[in-house]
Amino acid sequence: MKINKIAMVAALAGSGLLITGCGSSPTRIDPKSNQGLTTVDDLNFKDYQDAAESLINDILRSGELKRADGRKTVMMISTVKNSTYQHIQTNLLTDKIRLAVLRSGQAVTTTAVGADGPSDKATRQVRKLQDDPMFNQQTVQQDGTVIAPDMSLAGEIIQKKTTQGRTSESYFYIHMTLTDLKTGLAVWEGEKEVAKQETKPVFGW
Amino acid sequence: MKKLAYVLSAAVLCGVVSGCQNTVNTAENAEKSMRVNYIASKNVSTDSFIRDRIAIEGINKANAPGGLLMIQATLRSTRTGFWSETWSSMTGANPYKIEYKIDWLDENGMYVDTPASIWKEIEFIPGETKRIQAVSPNARCRDFVINLKEYGK
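Chains as they are written, first to last, in this note's numbering: chain A, 1 to 205; chain B, 206 to 358.
Please note that a few of the clues may not be correct.
[Stated by the list, open to error] Under the rule of at most 20 Å between Cα atoms (straight-line distance), these lysine to aspartate or glutamate pairs were calculated in the DMTMM-like manner:
#1 A:Lys32 / B:Asp318
#2 B:Lys325 / A:Asp47
#3 A:Lys200 / A:Asp42
#4 B:Lys354 / B:Glu328
#5 B:Lys325 / A:Asp150
#6 A:Lys121 / A:Asp131
#7 B:Lys354 / B:Glu333
#8 B:Lys306 / A:Asp58
#9 B:Lys302 / A:Glu198
#10 A:Lys32 / B:Glu355
#11 A:Lys32 / A:Asp47
#12 A:Lys196 / B:Asp318
#13 B:Lys354 / A:Glu191
#14 B:Lys306 / A:Asp47
#15 B:Lys358 / A:Asp30
#16 A:Lys32 / B:Glu326
#17 A:Lys196 / A:Glu156
#18 A:Lys196 / B:Glu326
#19 B:Lys247 / B:Asp308
#20 A:Lys81 / A:Asp47
#21 B:Lys325 / A:Glu191
#22 B:Lys325 / A:Asp131
#23 A:Lys32 / B:Glu328
#24 A:Lys32 / B:Asp308
#25 B:Lys302 / A:Glu193
#26 A:Lys32 / B:Glu304
#27 B:Lys335 / A:Asp58
#28 A:Lys196 / B:Glu304
#29 A:Lys160 / A:Glu198
#30 B:Lys306 / A:Asp30
#31 B:Lys325 / B:Asp252
#32 B:Lys306 / B:Glu262
#33 B:Lys335 / A:Glu193
#34 A:Lys32 / A:Asp42
#35 B:Lys335 / B:Glu262
#36 B:Lys325 / A:Asp58
#37 B:Lys266 / A:Asp58
[As the list claims (entries may be wrong)] In silico negatives: residues of chain B with every beta carbon more than 12 Å from chain A:
#38 Arg240
#39 Ala245
#40 Thr251
Please keep in mind that the hints were generated in silico from the structure rather than gathered at the bench.
The model shown is predicted, which means the values in this text are computed figures rather than measured ones.
Cβ atoms here follow ideal geometry from the backbone N, Cα and C, with glycine treated the same way.
From just these sequences and the hints, can you work out the full model?
Structure representation (structure tokens):
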């Protein structure tokens with residue numbers, strides 16, 4: 001009986017060691033590397049980076065942001081429709097594009113206008129100070145000074161899932177458009193495809 | 206007799222393995238109409254694995270409409286031929302995956318960060334030629350460095 005107990009304790013300790021032996025302590029990884037996790041059902045951070053890289057190169061190469069009159073194009077960020085099965089932060093994509101566009105010197109982005117309201121409400125809020133006697137009215141922003149956008153960046157992310165036996169697959173289609181707001185014409189369109197596949201083992205997870 | 210059997214088995218195995226290889230075969234127009242602006246490149250290779258498997262065929266540049274610099278590097282997998290393909294198959298290097306990252310430098314030699322400067326993976330089937338492209342983050346960037354490394358290293 002005693003020997004049985006000792007054996008059980010030893011077995012538990014052994015399995016405990018095995019379990020902890022499989023783990024790893026948290027480590028920081030280089031976000032610009034390919035060390036991140038890859039899952040089939042989701043867009044992982046590397047996918048956003050790859051898509052942004054591809055779309056940034058494409059939009060800058062197109063030359064559509066450059067205006068003939070020398071003025072910088074003002075671009076607004078419109079809606080990126082999420083047609084996937086996942087909750088997706090589309091900002092992870094659009095923020096990278098707007099950053100690259102701004103740094104290119106060809107365009108500036110407006111935060112005063114957005115498809116779902118302004119991304120920065122301050123532009124409108126500060127104009128409410130026009131009636132506030134506490135503020136020096138000469139320093140308060142006046143109406144009629146905010147620059148309206150020339151172009152709008154919008155898009156859609158679509159996911160198609162397929163399963164065959166133990167193999168599952170996800171296909172993500174990212175499509176972006178740059179619309180000239182004067183004419184309503186899409187002057188640039190870019191796409192990025194992400195396809196992922198995994199085969200589950202017969203046993204285990 | 207036994208030795209002969211081993212040698213024969215090994216030869217058959219190699220034949221089978223290389224028979225499973227996928228290589229890329231191409232056909233193209235012989236008389237080109239494109240005018241490519243190739244630029245001289247200085248290559249520093251510290252990884253003999255990549256050096257023996259991937260050849261940088263050339264780097265060319267063009268000006269994008271917005272005044273930005275556009276570059277393209279043509280890379281080719283040199284792992285063709287019976288022994289190379291067999292070895293690649295046995296070591297799991299077919300297809301061969303590498304990563305690349307393009308760094309941009311301004312006119313003062315200062316590194317210019319961009320969301321597009323990330324390690325990207327690219328996969329080669331033996332004999333395959335691929336082209337990697339990038340556009341400079343702004344018009345002040347005139348120089349660049351293409352970094353290559355084996356995937357996951």
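Run through the hints listed earlier and report the numbers of any the structure violates, in increasing order. 5, 12, 13 and 22
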